[in-house]
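Which chain is which? The protein sequence lines are R and A, in order. Plus 42 on top of the position in the first sequence (first one is 1) and you've got the working numbering. Plus 42 on top of the position in the second sequence (first one is 1) and you've got the working numbering.
No wet-lab data here; the hints were simulated from the structure. Do not take every clue at face value.
Note: identical chains are not told apart, hence a pair may lie in one copy or across any two.
[To be verified] Straight-line alpha carbon distances no greater than 20 Å define the calculated SDA-like cross-link-like pairs of lysine to any residue that follow:
| hint | residue 1 | residue 2 |
| --- | --- | --- |
| 1 | 222 | 123 |
| 2 | 219 | 231 |
| 3 | 191 | 118 |
| 4 | 222 | 190 |
| 5 | 222 | 112 |
| 6 | 191 | 129 |
| 7 | 90 | 125 |
| 8 | 219 | 201 |
| 9 | 191 | 112 |
| 10 | 219 | 194 |
| 11 | 191 | 130 |
| 12 | 90 | 233 |
| 13 | 222 | 142 |
| 14 | 219 | 53 |
| 15 | 191 | 95 |
| 16 | 90 | 213 |
| 17 | 222 | 201 |
Spelled out from the first residue to the last, the chains are:
Protein chains: 2
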Amino acid sequence: MKVKIVAGVLEANDRIAANNRRLFDDNDLFVINLMSSPGAGKTTLLEKTITALAGEFRIGVIEGDIATDADARRIDALGVPVVQINTGGGCHLDGNMVRQGMDELPLSDLDILIIENVGNLVCPAEFNVGEDAKIMILSTTEGADKPLKYPLMFQESSVLLLNKMDLLPYTDFDLEKARKDSLMLNGDLEIIEVSCRTGDGLETWLEWMRERVGSRVVTA
Amino acid sequence: MKVKIVAGVLEANDRIAANNRRLFDDNDLFVINLMSSPGAGKTTLLEKTITALAGEFRIGVIEGDIATDADARRIDALGVPVVQINTGGGCHLDGNMVRQGMDELPLSDLDILIIENVGNLVCPAEFNVGEDAKIMILSTTEGADKPLKYPLMFQESSVLLLNKMDLLPYTDFDLEKARKDSLMLNGDLEIIEVSCRTGDGLETWLEWMRERVGSRVVTA
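Given only the sequences and the hints, what does the whole structure look like? Please build it.
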């Protein structure tokens with residue numbers, strides 16, 4: 043019974059996500075769904091990405107949080123269109139919430155839409171929102187046991203950004219284990235080591251974005 | 043409609059949690075529900091706590107994870123009774139899962155039961171499992187914006203362990219803001235700064251445990 047309800051929720055979500063997808067396509071938008079544990083560095087990655095790509099692409103942002111508009115204010119300070127969605131306790135964004143955010147954004151004037159999900163390594167991975175790619179962050183301070191303990195997000199993601207590499211010397215993070223287990227779960231996963239604070243490794247991530255967006259968008 | 047279903051789930055859970063509570067009382071058990079983001083240090087805190095208190099109290103553990111028995115094996119190595127619950131995708135433990143774990147433990151031979159919840163700063167705070175106290179960990183590497191962004195867990199907890207204090211010099215964690223916002227959300231919250239890795243501050247936490255358990259348990 044419980045399983046049926048859950049399946050119903052996910053099916054309904056998939057229908058809404060497919061509608062979002064059509065709207066994204068109609069507007070030639072490249073859309074990423076950014077996911078991680080709380081505090082892994084999603085908003086800082088966003089700030090660095092927007093600053094680096096602002097001259098090349100028109101970027102919009104949907105910020106998902108349980109409460110506060112703190113992240114939206116950080117993005118708004120960069121001068122790009124941003125919508126804050128407060129889930130009011132909900133632990134993930136779903137297709138319908140993203141749709142509501144889309145309605146507040148000038149989609150036809152954008153090349154890239156970045157959706158920052160609620161900080162949670164579990165539930166966001168279950169809900170498609172119509173994105174082109176799911177991007178996840180794992181920070182070195184979280185430990186190398188996370189891929190095996192939270193497998194779905196690693197399986198669903200196209201890119202794993204290993205963040206806080208600047209803190210690696212102060213942790214016992216096992217880089218080889220994290221890489222090995224992540225690739226065992228998802229052989230297609232692209233793993234990029236970065237430090238959002240120092241900027242190390244971000245050029246590889248920006249190149250990934252440029253390639254993907256470039257294949258969709260003609261103008262810049 | 044959706045809201046009604048959620049309310050029904052929470053009410054059913056509260057009934058099961060109340061049954062768990064009676065069983066805990068019947069066995070003079072002090073029970074804590076340990077919650078945090080993934081990788082904040084729950085299992086390491088557990089290891090240090092068990093090692094320090096093993097000569098004084100009889101401790102049992104319920105380990106909640108989405109997948110793997112990695113944490114249960116870490117606890118089993120310390121020679122205390124432990125049960126692993128795999129939620130199979132579920133993002134939190136509920137009363138029923140804990141009840142199933144309880145059935146596998148020698149409750150009458152224990153003084154303390156520690157329930158390590160799934161790593162998630164959101165959903166675990168919504169589900170009572172019959173515990174005496176909710177204990178949460180926030181690590182300095184997660185950032186000081188977390189209390190306002192994930193308020194429920196801070197409101198529900200009796201103790202906030204601020205972990206990874208050894209990494210504080212390498213982060214921009216604003217200790218004063220974290221303290222101020224946490225206490226604004228929950229004036230009764232006891233905040234203890236610790237480093238589970240170095241052991242700094244753990245004595246204050248162990249004293250908190252000793253006082254609470256001592257008021258329930260006569261023998262040791």
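Here is what the structure says about each hint:
1. 222 with 123: For residue 222 and residue 123, the Cα distance exceeds 20 Å both inside one copy (38 Å) and across copies (31 Å).
2. 219 with 231: For residue 219 and residue 231, the Cα distance is within 20 Å only inside one copy (15 Å; across copies 37 Å).
3. 191 with 118: Result: close only across copies, 18 Å inter versus 35 Å intra.
4. 222 with 190: within (10 Å within a copy, 36 Å between copies)
5. 222 with 112: between (35 Å within a copy, 16 Å between copies)
6. 191 with 129: For residue 191 and residue 129, only the inter-copy Cα distance (11 Å) is at most 20 Å; the intra-copy one is 25 Å.
7. 90 with 125: Close inside one copy (18 Å), not across copies (43 Å); limit 20 Å.
8. 219 with 201: Within one copy only: 17 Å inside a chain, 33 Å across chains, cut-off 20 Å.
9. 191 with 112: For residue 191 and residue 112, only the inter-copy Cα distance (8 Å) is at most 20 Å; the intra-copy one is 30 Å.
10. 219 with 194: So residue 219 and residue 194 pass the 20 Å test inside one copy only (17 Å; across, 34 Å).
11. 191 with 130: between (27 Å within a copy, 10 Å between copies)
12. 90 with 233: Within. Shortest intra-copy distance 18 Å satisfies the 20 Å Cα cut-off; inter-copy 33 Å does not.
13. 222 with 142: Result: close neither inside a copy nor across copies, 38 Å intra and 33 Å inter.
14. 219 with 53: Answer is neither: 35 Å inside a copy and 42 Å across each miss the 20 Å cutoff.
15. 191 with 95: neither (34 Å within a copy, 28 Å between copies)
16. 90 with 213: Answer is between: at 18 Å across copies they meet the 20 Å cutoff, but 24 Å inside does not.
17. 222 with 201: Within one copy only: 15 Å inside, 36 Å across.
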